[in-house]
Amino acid sequence: MHELPITQHIIEICEKHCREAGAQRVRLVKLVIGDYSGYVGSSVQMYFDIISEGTLCEGAQVEIEHVKPKLRCPSCGTLFQRQLLSFACPECGTDGEPTEIGKEFYIDSIEVEQ
Amino acid sequence: MHDIRRIDVQEGILEENDHIAEHVNEHLSAHGVLVVNEMGAPGVGKTTTIKNIIPHLKCKPYVIEGDIETDIDTQDLRSLGIDTFQINTYGACHLDAPLIEHQVDHMSFDEPGVLFIENIGNLVCPAEFTIGEHVMMLISTVTEGSDKPYKYPLAFEKADIIILNKVDLIPYLDFDEDFFMKGVRALNKDVPVFRVSGRTGEGFAEVAAWLDKKAAELEVKEHEHHHHEHGHHHEHGEQE
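Protein chains in written order, with my numbering: chain Z, 1 to 114; chain F, 115 to 354.
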């Protein structure tokens with residue numbers, strides 16, 4: 001449920017960029033959401049359609065790029081997705097370390113109509 | 115025909131929260147107050163941990179209690195003479211930086227110390243929102259099971275200190291401490307892990323000592339910071 005206020009904020013950021021570009025409306029919003037960001041893409045999408053009504057984002061399409069979290073093996077450097085209940089590297093068995101991959105939560109770009 | 119343009123935004127959606135958190139952190143650092151963001155699932159003993167640490171603490175404690183509803187924990191702490199402030203989120207699953215900034219503005223920090231901020235009982239969202247803390251304190255328990263680092267990796271990754279509570283119950287449980295620690299170490303190589311019991315009181319003196327040390331380091335850092343700034347102005351003055 002914490003996607004509601006954050007979706008409001010996404011709309012505000014898009015409107016700001018749309019106005020700065022002197023455009024009439026936003027027709028596409030591209031988001032990048034890592035699985036460890038804690039935000040559920042489908043919830044953002046649902047709230048977006050409801051609360052964008054009457055804003056410059058009304059009717060805009062939301063495109064979400066999901067990013068799977070990856071660990072980095074400190075021994076052999078392999079980047080890998082973990083298995084359930086294990087952090088072991090599939091190549092050498094060493095426990096991998098967390099990386100920033102999978103924690104993304106940002107607006108990549110928007111398309112506006114002049 | 116409409117003219118369509120692509121705008122490269124590349125803007126973090128939580129940037130505003132992070133910016134306010136930084137502001138809170140600077141404000142309290144200047145007062146020599148160490149900010150501790152205490153997180154953990156419901157029932158792990160977050161309030162109990164605060165109650166057990168404070169008697170051992172050498173510096174002054176301040177407390178902000180975050181709860182979805184009620185001020186039971188705040189009343190509990192106040193009855194012990196601990197100055198406590200309540201934030202109710204009425205449904206929201208975590209505290210965020212604007213809430214803390216607003217609360218902190220209404221508090222007076224007359225001497226250096228430790229500000230405990232008890233986050234909402236939840237092992238997921240509080241790990242994602244920085245609220246201006248110097249220290250992220252994670253409370254985990256032997257009753258939750260040893261697989262928690264594997265199931266909630268972000269919380270364990272972000273922790274600066276981990277409290278393993280309810281260790282007095284280990285004889286009655288199948289808690290696999292080696293498996294637990296293996297998961298913790300994979301995610302967070304150097305984080306100190308303190309074994310405590312809210313029932314017997316064991317282990318909390320060590321936690322308090324760790325926090326006192328962190329608070330003292332903060333004061334030294336602030337002092338050096340001011341000193342540095344002063345020196346900088348001086349240098350600047352000479353150039354003119």
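The hints are simulated quantities; they were obtained by calculation from the structure and are not laboratory data.
All values derive from a computational prediction rather than experimental measurement.
Cβ atoms here follow ideal geometry from the backbone N, Cα and C, with glycine treated the same way.
Some clues are possibly wrong.
Chain F stretches covered by chain Z per the calculated footprint, using a threshold of three residues with CB under 8 angstroms from any CB of chain Z [what the hints assert, rightly or not]:
#	segment
1	125-137
2	264-272
3	293-300
Structure-based check of each hint:
With 5 residues carrying a beta carbon less than 8 angstroms from a beta carbon of chain Z, the segment 125-137 of chain F meets the three-residue requirement, and the given coverage holds. Coverage of the segment 264-272 of chain F by chain Z holds [criterion: at least 3 residues with CB-CB distance below 8 angstroms; count 4]. Only residues whose C-beta sits within less than 8 angstroms of a C-beta in chain Z count toward coverage, and the segment 293-300 of chain F has 4 of them, enough to reach three; the restraint holds.
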